[in-house]
Amino acid sequence: MAHANETTSPPSAGPAAPSGPVRKKTLRQSDRRGVFGDKLFSGLAMAAGIAILVLLAFVALFLSSSSGRALYSEDEGLIVGQFLQYAMPLVGGTIIASIIALGLAAPVAIGVALFISHFAPPRASRSIGYVIDLLAAIPSVVYGAWGMSFLAPAMVPVYRWLHENLGWFPLFAGNPSGTGRTILTAGIVLAVMILPIITSVSREIFIQTPKLHEEAALALGATRWEMIKMAVFPFARAGIISGIMLGLGRALGETMAVALVLSGGALTASLISTGNQTIPAEIALNFPEAGPGSERQAQLIAIGLVLFIITLVVNMIARWIVSRNKEFSGAN
Amino acid sequence: GGANNPDTGSEANGAENGGEVSELSGTINAGGASSQETAMTEWTQSFAEIHPNAQVNYAAVGSGGGREGFLSGEYLFAGSDAAMDDDEYEASKEVCGPDGAFHVPAYISPIAVAYNVEGVDTQLNMDAETIARVFAGEITSWDAPEIAEQNDGVDLPSTPITVVHRSDDSGTTENFTEYLHAAAGDVWEWEPDGGWPSDITAESAQQTSGVVSTTSDTDGAITYADASQIGGLQSVAVGVGGEYVPYSADAASNAVASSPRVEGQAPNNMAVELDRDTEEAGAYPIVLAAYSIFCNQYEDEATADLVRAFAEYIVSEEGQQAASEAAGNAPLSADLRAEAEDAISQISAG
Amino acid sequence: MSTPTQETTTPPPPKAQNSLTQGTLPRWTWAAMLAGSVAVAAALAAALGAAFGAESFLMPLWVVLVPVIYLPAMLILQWVRINKRKAIDGFWKNLVYLAFLIALLPLVSVIWSVVSVGLPGLLAPGFLASDMSGITGRIDQETMETGGDVLGGIRHAIIGSLVITLAATVISVPIGLLTSIYLVEYSRGSWLSRAITFFVDVMTGIPSIVAGLFAAAATAWFISTASSLGLMAARPYTMGLTAAIALSVLMIPVVVRTTEEMLRVVPNELREASYALGVRKWRTILKVVIPTAISGIASGVTLSIARVIGETAPILVTAGFVVNANWNLVSGWMATLPVYIYRQFQNPIAPAATEPSEQRAWAAALVLIIIVMLLNLAARIIAQVFAPKKTGR
Amino acid sequence: MSKRINAIDLNVYYGDFLAVEGVNIDIEPRSVTAFIGPSGCGKTTFLRTLNRMHEVLPGARVEGQLLLDDDNIYDTAVDPVTVRSMVGMVFQRPNPFPTMSIRDNVLAGYKLNGTRLSRSQSDQVVEEALKGANLWNEVKDRLDKPGSGLSGGQQQRLCIARTIAVKPDVILMDEPCSALDPISTLAIEDLINELKDTYTVVIVTHNMQQAARVSEKTAFFNIAGTGKPGKLIEYDETTKIFSNPSKKDTENYVSGRFG
Amino acid sequence: MSKRINAIDLNVYYGDFLAVEGVNIDIEPRSVTAFIGPSGCGKTTFLRTLNRMHEVLPGARVEGQLLLDDDNIYDTAVDPVTVRSMVGMVFQRPNPFPTMSIRDNVLAGYKLNGTRLSRSQSDQVVEEALKGANLWNEVKDRLDKPGSGLSGGQQQRLCIARTIAVKPDVILMDEPCSALDPISTLAIEDLINELKDTYTVVIVTHNMQQAARVSEKTAFFNIAGTGKPGKLIEYDETTKIFSNPSKKDTENYVSGRFG
Ligand SMILES: Nc1ncnc2c1ncn2[C@@H]1O[C@H](COP(=O)(O)OP(=O)(O)OP(=O)(O)O)[C@@H](O)[C@H]1O
Ligand SMILES: Nc1ncnc2c1ncn2[C@@H]1O[C@H](COP(=O)(O)OP(=O)(O)OP(=O)(O)O)[C@@H](O)[C@H]1O
Ligand SMILES: [Mg+2]
Ligand SMILES: [Mg+2]
Ligand SMILES: O=P([O-])([O-])[O-]
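Protein chains in written order, with the working numbering: chain G, 1 to 332; chain Z, 333 to 682; chain D, 683 to 1075; chain S, 1076 to 1334; chain R, 1335 to 1593.
Honestly, the hints are just simulated from the structure, not real lab data. Keep in mind that a hint or two might mislead.
With the C-beta cut set under 8 Å, the calculated list includes, among others, these residues of chain D facing chain R [as the list claims (entries may be wrong)]:
1. Leu801
2. Leu805
3. Ser956
4. Arg965
5. Thr966
6. Glu1037
The C-beta atom is built at its ideal place from N, Cα and C for all residues, glycine as well.
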């Protein structure tokens, strides 16, 4: 990063009162180094952006070049149908897990962020934020181990009960898992993992809400909740969605925790019985044994590509929501 | 290295010990199957004790990952639960010279069919067909007549059977399903594969430790796992030729020794075609033979010497004994060891 | 109220209260109500348990029922006794508090399980100062039999984790920060910025294992290309740097998205104030915009570090796994804490005696959490120093 | 439905800093009162205590009594929300909601009480309030544009419109005309004159002429020096304050011979 | 080191919206010029074109020429940063930097540009600038406190101090006194009087008396209606504008008989 080593001309020599900092005699006599600094910095910023594009281009290239054999084989020609048959249940499982995770985490996370920014006593709120951030510090292996050895067994009786009493409902149909290691448990673990992400982003934005606007709402006789609805949420909307998207990305892409917690299987609507698998877990579980250059390996990378596309679509929708009324921006 | 390490070697495999014990020096990076990771840890650590200047690293990236790294030259040898196919063997000639690579079944371990049923403290008997029916989900209760009739006098509870299988692709699964397919083909119609058939709904867990702990935690659960890692679980005595054979190291080692070799690869190749439906009395047919795959030819003398020394060490009586103590696998029989030593001696530099 | 009742279109007067003290509830109301809810929930849980066969989780059922009763009860009470708005405000307030309590549950549970299991291992002599060289299954079995201290430690893994994460941070944070600066300050919605935004979004969802495979493939390709051009000798691609690249792929989108949001809400008037003083744009960005947003940026960066420092899957295929320390990023393999934890869990050193491995794994997990905690603390302190001095006006 | 305001020994603090000390003041219903005084003497601070906006700042607190008619608004049983919906406020710096359209900004307070308005009713509220704030003509064609795209003066008038739309009992205005041109200023002054028929109006101003023009009573605040608390020096009929004040300081200030 | 400003056929746009049209004006060096006109007529907009602050807004652009002495500041070879370091600006809304202390706020023009000052030099700059803005006495004991903890008027004076600290050639002030009490206003007016000996000063004000007091020339802007562009109606000696303007509109406006 170009940092501020470079200083513009120091104040005129004498120890007396300094003159203006960038004293120029004429307009055209522009300060070369300054202009260069600007160019350099904007160039660097743009280069960083381009570097990301290049990186992504490489990732995409890597994924598509290694996934060819999943879609085309020499003996059978195009085998897209076969591939889709393999991929669709995984897509389903990934989406179910993410929906559970987001559904559970997003409301709680926004609640926690609000608690920290607007409800908790100001003195305590910093440390509370810190405590919640601790959740992000826990490595996914530990979440996996926790989900597997603690949460899952605890869920067994709940699932059994749900099945016995609400079994007519498709989500609770099917044989309740004897180990509790179902897609719902995995979803809960994912929810815990993405909670601090959403909380952290939303919290920082909530804190930035201009006092001026909060006071405007309060002075109109708004209750705290109405003030939040009127001044905080509209201001933070884009930020909240960004946080949720980051969390969702994590949920979609999380590998190890799901691999450890979920007792995977075929796609099923039931949340309480064994079954379902997510794309990242499927890759992580099967890639190590997939032979070099084999069709299996290609297939696994190809579902990685599918996950790419899912992420893309979800984020495009989110961006669209955010950009719908851009002129009503909070920065003004 | 530090305060509580038992040896002096640790990180300082540098000068101070040089020459005193061995002239071998350098680093071997290798990777592959996780099944033999425990044995590998034992081997690499003990090898480092004997040769303080030499270090062997083993990354448990899986068999496929190991073979891939080996074929790309990243790993000097690979650990793999499955033998290379012919394409891979051809590819190995690029990194290993004209004779390509060869397999040594350095880690042999019986696969136990292990279960956890409250109230059953004795070893249960099951023939291949019963095992297949249980794992296929056709027998769902522990007091089913098929099980009861093979276990006179055992008081079987009506606990439902929970099948636990590996969720990751694994050599253990491949060997187990190979056995089921060979010995009970009319029940088990699925092709042998490293992944569990997706149309059987059952519980699953990652890695051997995962299936073992899941089984231990679940009443009525049954699984298959490397026998050395089943801990306190009961295991099935498998029906072979009318008798019921519990797993044992000798039985496993013998099963490998008596099996035919895979044809068409390097002359010193020791990959085996395990004979699963053996009727031989006393043989235990569910065996995992995990290979170490070496090049016949390495780039330079130093590397060749180092790899040869390590390979010799792992098949040596001492090495096998050490692994067996730590990992609980079956030591190589004398015949197999001799054959392996002969194969390894052909490692050369090119 | 002034507005005399006019024809039907007249808007209703916008308020209902006439007296200041109208309908307040005594201060102890909530406590009483909570106590009541607890009691009712207990009774209900017992009844439900009996009716639906849920005896095995009476406690959790009870805990769940308390808010289920308390929230609506407070809502109704306030609605009836005060007014609807107050009731709704109170309801959401209670929900927010509840959200916080819910978030604490897993936190306490995870931290408790890690601390209680991991602490003995952490306190084992030499755990932080030694590595795993020389630790074999036989040693662990002996430990189990004799009941001695668990040998072996995590020095090498701590070094690996710190070195690799630091390298990933050094790669990702400047790129991420500069990119978000480009997006917020320079691009003005150009096609390039839209493309970057688009692809950064996609990056958030890359599974970590794919990132690892990609980094391995890319480094291998780069090395082979460079060596065939004679620029460098062929060498293994498995090294710390490759892992750092894999982690960067995971880290960059987190940095970009968080800092982008934080930069966007910096008031434009501050930028203008700076420009009007004849300050160049890049200095304005560095000295006005970033300091104003620093606390958000710092928490974004810590978030991204926390995100990757716990990664397992991509490390094994990019940095390998070793038992002793290696400080060199570009040569030799490295071990990191998550990989160490994972391997100790999944493949105990001695399969017949797993306790020592489990103890090491949990202790390592505890150390990892402590490291991230300290990083987080450091980031907050840094942010605190630069952050806007808040006084409401 | 205007109210009387009565402060008794009111001290206002920012944390430990006593910003305003010992204010006793009695403001008649249906009147306009002007607060004048040098910058930093605590006019804004005191004004904000009148609708409990002061306590919104962390650490800020108030001692003493503040009666609205006969209820102490700082009584523990009193909900600040109720106070604020009775006592409306226009801030020194215009603060329209940037994420709302002009129309929604005007309706922001109105919608709070949950009364559902028909389209025509809300149109009427918007039009009335904007006309009252002398902004209607300028914005009637772009009611759905964001409020932040207006000029400074327009924004300020929008905030006034937002406040009068909810028809509070008391209206506090903190230098409402400081960003306005003379025409809008006149319009606001007219508006204040109208408002006082029904509401109690308190206005902070730096403009002596304005204070003289619109208010019936004037309160002069002063501060002895930096770090000292602001005090209410004199409170009397406006004509008296400007022609014949009883305190020397007041005279100096209103005649511009101060400082 | 003051400069002459000369606008030739200047049109100012926000995107497609023509906000100010066809301005021709010639501002003498070492003089004070006041811009007056109704709210929304484009005073702020035009003022911001004088130091190229206008183009900071997305989509905003300018047509025509603006000569500073003899150079067109909108020439492609001209660096806007150079322009802004010559033409300082005080905004309508006080905007001190929230991350900086009062002292650093005053020194912002130096510090942000990376100019290193010795302790004594910077002390001198701070004291001079704060005295110039009539703020020194109020803040001299808390120079290290954040600038955002000041009262509205104090903040505005802080912003003025910040601008004069860097000693530009031209100083633009957008309603600098709108938040100030009469004393500070007087002080600022005195300051302007002093400044004009060395600088060119342009000031937007809604206060006719102020325009009459401080300026030598006055420019009256007006707008025909919403959505229409603002125009420069009349530009002349201040005395002429206030006593005997040549345009009807101007007369109406300055006499308050407008709208
Ligand atoms: N948020 C705050 N924290 C601490 N002190 C404050 C805060 N706001 C104002 N003050 C101090 O309280 C005193 C009174 O400030 P106040 O804003 O009430 O003055 P004012 O009379 O409204 O001045 P002005 O006419 O400039 O608006 C001042 O000394 C000011 O610095
Ligand atoms: N950022 C902007 N985008 C679009 N239009 C704008 C913007 N800022 C101002 N305008 C419009 O340009 C016109 C001129 O506004 P300007 O702020 O220059 O008025 P002004 O004369 O300074 O008014 P006031 O005295 O109220 O400050 C107004 O119609 C205003 O709505
Ligand atoms: Mg004030
Ligand atoms: Mg303006
Ligand atoms: O040896 P596996 O772990 O692949 O069964």
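Are there hints from earlier that the structure breaks, and if so, what are their numbers?
-> The structure breaks hints 1, 2 and 6; every other hint is satisfied.
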